[in-house]
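Colleague: As a plain string of letters, each chain reads:
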Amino acid sequence: MKVPFKGAIDCDLHPAMPSASALLPYLDDYWRDQLVNRHIDKYSFVLTSYPPNSPLSARPDWRQASGAPAGDLDAIRRQALDPFASRVAICNVLHGALALFNEDMAAALCSAVNDWTAKELLDREPRLRASILVPAHNPDLAVREIERVAPDRRFVQVLLFAMGEMLLGRRLYWPIYEAAALHGLAIGIHAGSTYHHAPTASGWPAHRVEDYIAQSTAFESQLLSFLTEGVFHKFPALKLVLIESGVTWLPTLLWRTSKTWRGVRPEVPWIDRPPAEILREHVRLTLQPLDLPKHDPQALARTLEHIGSDRMLLFSTDYPHWHFDGEDVLPDGLSDEAVHKLLIDNPLETFPRLRDGVAKGDNKGDNTRTNQEAVR
Amino acid sequence: MNVPLRHAPASAGLAIVDCDIHPAYRSPKDLYPFLPARWQEHMTTFGEHLRQGLSGQLAWPRMMAAGMRVDSFPEQGPPGSDLALMRSQHLDANGVEYGMLMQLSRGGMEERNLEFAAALSRAVNDWQLATFVEPEPRLRAGIVVPQEDAAFAVTEIERRAADPRFAQILISPRSSDPLGHRRYWPIYEAAQRCSRPIALHVQGFSGGHASTASGWPTYYMQEHYAATTGMQNTLTSLVFEGVFERFPDLKVVLIEGGFAWAPALCWRMDKHWERMRKEVPHLRRPPSEYVRAQCWFTTQPIEEPETPAHLADVIGWLGWDRLMFSTDYPHWDFDHPQHVFKFQLTEAQKAKVFRDNAKALYGLQ
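Each protein sequence line maps, in turn, to chains A and B. According to our numbering, the stretch in the first sequence is residues 58 to 433, in order. According to our numbering, the stretch in the second sequence is residues 1356 to 1720, in order.
If you're looking for bench data, these hints aren't it; they were derived computationally from the structure. The structure presented is a predicted model; accordingly, all values stated were derived computationally and were not measured. All C-beta atoms, glycine included, are put in the ideal place defined by N, C-alpha and C. Treat the hints with care, since some could be wrong.
[To be verified] Okay, derived cross-link-like pairs now, DSS-like style, lysine-lysine, Cα gap no bigger than 27 Å in a straight line:
id: 1; chain 1: A; residue 1: Lys99; chain 2: A; residue 2: Lys176
id: 2; chain 1: A; residue 1: Lys316; chain 2: A; residue 2: Lys291
id: 3; chain 1: A; residue 1: Lys351; chain 2: A; residue 2: Lys59
id: 4; chain 1: B; residue 1: Lys1714; chain 2: B; residue 2: Lys1606
id: 5; chain 1: B; residue 1: Lys1633; chain 2: A; residue 2: Lys351
id: 6; chain 1: A; residue 1: Lys316; chain 2: B; residue 2: Lys1705
id: 7; chain 1: B; residue 1: Lys1606; chain 2: B; residue 2: Lys1705
id: 8; chain 1: B; residue 1: Lys1714; chain 2: B; residue 2: Lys1697
id: 9; chain 1: A; residue 1: Lys316; chain 2: B; residue 2: Lys1697
id: 10; chain 1: A; residue 1: Lys351; chain 2: B; residue 2: Lys1606
[Claimed, not checked] Stretch-level coverage of chain A by chain B, calculated; a stretch enters the list once three of its residues show a Cβ under 8 Å from a Cβ in chain B:
id: 11; stretch: 108-121
id: 12; stretch: 255-263
id: 13; stretch: 266-274
id: 14; stretch: 281-289
id: 15; stretch: 324-338
id: 16; stretch: 345-354
Extracted from the complex, chain B is given alone in its bound form (with noise of 0.2 Å):
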C-alpha cells in the first residue's frame, strides 16, 4: 500500500504553509545525544512517566497503521522519522513552502518527573535542528516546554528566543490545571516578551483529568471527539482568567482541535459573561473580542458538512484572516491541500488560508 495519495501538484499552483507536520524518531535512542548521560540512563531504566494505564502505547488504540497513513511508513522506522520521505512525498508534492514541525511524544509536555521533563525538552528542541530544520530550512521547529514547570519552561523559551528557526512554543493544551490559571502565566509573559505565539496542539496523553466531565470514553471516536470539548474548554479559561486581557501582544493557535465550534462557543461566552461579569470584572471586553484579536486557528481534520458551503458560514464567522492550513502529516486522517476544501474559496481566500495568515502570524517572507 506505500502508494502516494496524489501526484498532483500543490494547490492551484499555490506555494503553501503546512501547520502541522509530526516529526519522529528513528528510536528513542536518537534523543541520547542531546540528553546527559543521566538522563539516557533514567530513560533507558525507567522511561517516561505519565498518567495513563499502558506503558508504550496509547489505551485507545488507533484505527489504521497505528494512527498512520498506512503509505507514509519509510525502510526504517515510523512514519515521520525518515526527512528525505518527507520531502518527496509531503514538502515536494504537495508544493510546502514551510512546514511548522509538531514534536509531541517525549518532550515533556506530559511526564510527571519534572526534572527529567526538563530534560526531555531540552534534549528535543536540539534535537529537532539537528534532524530536521538544519538539513531542511523549509522547515520550523516549536520550542517544546513543559508546562508544568513554569519557572524552566521561561528558561528555556528565553534560551531559544534569538534562534528564529524556533517559530512559536508548544505547550500541551492537557494542562493538569486548565490553562487560564496564574501558575502558566510566566510562559505566556515569555511568549509574548519574545513574540513568538503560543501553540496548542491536541495531545495523546492526560494531564491528570479525565477527557470528558464525566470521565473516561469508551472508544477512539468519542476520544477524537474530545480534542475539541477539551480545545473549547482551555480556550475558554484563556479568556476568563484573563490572560488575553493581561497579555494583549499574546497569540494563540489552536491546532488540530476543529474551528467550526469558535464562533458557537464565542457566542455563548459573550451572552453568559454578559449575565456574570460581575464574578469577572478584569475582562474588560466581550470575549470574542479576545479570541478575535489574540487566537488563530488551524484547518486540520477539517470538518465537512453535508452541504459544502455551510463551512464558509463558520470561516466567515471566525474570520478569513484567523484560519491556517494544515495537513497533520504523517497522521492518518491527512488532509490534502488539493482536497481540503469541498466548496469553491475565492483567491484571496485560498492566498490566505494556504499561506499568508500564517507568514504574518509567524513572521515568514
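One chain only, chain A, in its complex shape (with noise of 0.2 Å):
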C-alpha cells in the first residue's frame, strides 16, 4: 500500500557516491596528492556488494537517462522525497572507502565524503539528514571523525558495514558506541561487505545473489556479537538500527538466543535478562526490503506477532534500490497505528537528533542538547 499521510520519516536513502575526483575539494594537500599522482581520483570506489547495473541496485523507472540513480538532488527529490512525502530522509552513501586496507586513506575518504554530503546535499535539501561514515577498522580514526561532524546535528547515525574486518561488539570498537551515545547518535550497520572475509562460514559463494541473501545472515552475526558482548549492558541508551536487513529472518533469532542463554549464561553473566527483551528494546530495523511470500496474506501479520514489538520497524524506501513497484512500499494489512509507529513514532525514538530537527530543519553547531540526550 501507499503511504497514507504526510510527515513519513525515510530512514535509508541512497544518494549516489560522488566520483573520486569530485571529493578532490573535500581533500587536504597531502591526499589530494596521493589521489591525483597515483590515479586514485580516476576510479569509482564502487562497492562489489552494489554493482550499478545491477537489478537490485536501481529500480529501473528510478534509473537516469544519463548519470547515475539518485545522483542529484532534482531525482531524489522527484522520485523518493515528493511520492512519499517524507518529512525527513536519512541518507545513507556507501563508499568503497570502507574496503581500503590502508586505514589513514579511508579516513581521509570518509571525511571528504562526510564534508561533501553536508555541502552537496543537507546544505541544498533540508528535509536530508546523513549518516556520518567512518573507517571503523580503526577505531580511534572514527571517533576523531564522529568528534569532528557531531557538531553538525543533520548527522543522525554512524555508519558501519554488516561484512566487516571483526565483529563489532567487540570492545575494540566500544570508543565508537561511547562517542555516539555521547553525541545522541545512533548506531547504524547497513548491509554490505568490505570482503576481508568470506561472505559465508564455507567461502565464497558463487553469485551476487548468493552474496545479497547472506547479508541478513551477516546481520544475525553482528546482534549476537552486539549481545553477547554486552554492548547493551555498556550502553543502555544505544539504539542500534539495521538498514536494508532484511526483517522476516528476526523471530528465530528471537527464540534462539533467549533459549540459548538460559543454557549458556555462566558464559555471558552481564546479559540479566532475556535476550530477546534486550534486543526488543535496543534493535530496530529498516523496512525494505520486507521478504515476505506472495501468496500468503497472513505471513506478515504472523511476523509481526512473532516479533512481540511494534516499536522495532523503521519506514524506508532503501531508494534507488529495487524491492518494491511504483507507491507501494508498505506492505498490504497493517493496522493505522501500525503505520504511524513505522513512518514516524519509531524513527523519532531512535534518533535523538530527530527529535529536535525535524521542524525546524537546520540548527548546525548546537551541541547543548547533545549531553543531555547522553544522560537521559
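Relying on the hints, combine the two individually framed chains into one complex.
Modeller: See below:
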C-alpha cells in the first residue's frame, strides 16, 4: 500500500556517491596529491556489494537517462521525497572507502564524503539528514571523525557495514559507541561487505544473489556479537539500527538467543535478562527489503506477532534500490496505528537528533542538548 | 549427578525415530583395528591436522561437562561410547525404534591431509558397523566421507551402497567452498545414484573460513548460533548453484542447524531470485520449491518462542512432512521426546514428526 499521510521519516535513502575526483576539493594537500599522482581519483570506489547495473541496485524507472541513479537532488526530490511525502530522509552514502586496507586513506576519504554530503546534499535540501561514514577498522580514527562531524546535528547516526573486519560488538569498537552515545547518535549497520572475510562460514559463493541473501545472516552474527559482548549493557541508551537487513528472519533469532542463553548464561553473566527483551529494546530494522511470500497474506501479520514489538520497524524506501514497484512501499495489512509508528514514532524514538531537527531543519553547531540526551 | 532426566516412557507410547545420535570412541585407539598400520602410526605420531589453533580440544570450551549431558558419562570412556548405557538411558527409555548415528570426529571431514582423511573415513565407517550397528540393529550408520576429496568420497559411497545399514551420507557443511560448488557434485551424483540422502550435521571444526562474515566470534554462545547462519548459507549455495536442479532426486537433511529460519530464508531467496534471476538462469523454479521438494530438517535444538504456538506457524510454513525429531543424545542440549514441543500437536502431526517422515525418507519399515 501507499504511504497514507504526510510526514514520514525515510530511514534509508542512497544518494549516488560522488566520484573520487569530486572529493578532491574536500581533501587536504597530502591526500589530494596521493589521489591524483596515483590515479586513485580515476577510480569509482564502487562497492562489490552494489554493482551499478544490477537489478537490485536501482529500480528501472529510477534509473536516469544519463548519470547515476539518485545522482542529483532533483531526482531524489522527485522520486524519493515527494512521492512518499517524507518530511525527513536519512542519507546513507555507500562509499568504497570502507573496503580500503589503508586506514588513513579510508579515514581521509570518509571525511571527504561526509563534508561533501553536508555541502552538496544537506545544505541544499532541508528534508535530508545523513549518517556519518567512519573507518571502523581503526576505531581511533573513527572516533575522531565522529567528534569532528558531530556538531552538525543533521548527522543523526554512525554508519558501519554488516560484513567487516571483525564482529562489531568487540570491545575494541566500544569507543565508537561511547562517542555515539555522547553525541546522541544512533549506530547504523548497513548491508554490505568489505570482503575482508568470505561472506559465509564455508567460503565464497559463486553468485551475487547469494552474497546478497547472506547479508541477513551477517546481521544475525552482528546482533549476537553486540548481545554477547555486553554492548547494550554498557551503553543502555544505544539504538542499533539494521539497515537493508531484511526483517522476517528476526523471530527465530529472538527465540534462539533467549533459549540458548538459558543454557550458557554463566559464559555471559552480564546478560541479566532474556536476550529477546534486550534486543527488542535496543534494535531497530528498516522496512525495505521486506522479504515475504507472495501468496500468503497472513505471513506478515504472523511474523509481526512473532517479533512481539511494534517499536522495532523503521520506515525506509531504500531508494533507489529495487525492492518494490510504484508507490506501494508499505506492505498491505498493517493497522493505522502500526503505520503511524513505523512512519513517524519509531524513527523519532530511535534518532534523538530527529526530535529537535524535524521542525526546524537546520540547527548546525548546537551541541548543548546532546549531553542531556546521552544521560537520558 | 548420574541420574536419568526422566523415567517416563516415550512420547504417548509412540515408537520414535531419533535422527541425531552421537556415538563416540572410548579412545582413539578404538579405530586402530580398522586403520592400516601406516595410518595408525601417523595418528599416533602426528594426530589430526585441523584448521584451528588448539589440538585435541575446542577453541570455544563448552558450557558444561565438555558439552555432554552430565548423566551420560559411562564408567569408562566418554558419553556415547558405551552401547549398554545408550540403550538403557536413551534407546529403551525413550522408545527409539530407529536411531541415526552421526559420527562427527575423526571421520576425515575436517582433516587437511586428504590421504589420512580417506583412511579415517573408511575406518570410521567400519567401526560404526562393528561397534554399534551389528550389536544394536535399531541403529543406522551414516557413510562418513571427506567432502574435500570428492573422488575418494564417491569410491567410499559406492563401496557401502549395497549395505542397507548405511542410511545416508555424512559430509560437513563447514566445507572449504560453499557446498553448491561443482567440485562437490560427484558426491551428489553418487548419492542420487545409490538413493541415499546427504546428511549435513553442524560441525565444530572449520573448513578454513571464519564462522561469520566478520571473522571469529568471541563466545561459545555465538559459535553455537553460527551453526544456523552457516546452515542458511549452505542451503543458499545448494539452491543457487543449481544442485537441486541438476540432481532432482537428491535429498538433503539439515541436522542440528535449526529449522525455524527456513521459511523466512525461502521468502528471502524467492524475492531476490525474482529480481536477480538473469544471473542464475539455470534455476527454473523459485528457490523455495527446491527446498520444499528436496530438503528435510531435524528438530533439535528446538526453538522455544515465548508463545509456544508460534512455532506451529513456522512448522506449517516449513511443511509438517519435512520435520524429523532428533535428540542429539548425549549432548548437553538434548531434546527429550516428551517435552520437546510446548504446544499441542495433533496425533497426525506427532506421527509424522516423531516417526513417519524419517521412515519414509530413509525407507525404514
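Colleague: What hint numbers does the structure not satisfy?
Modeller: none
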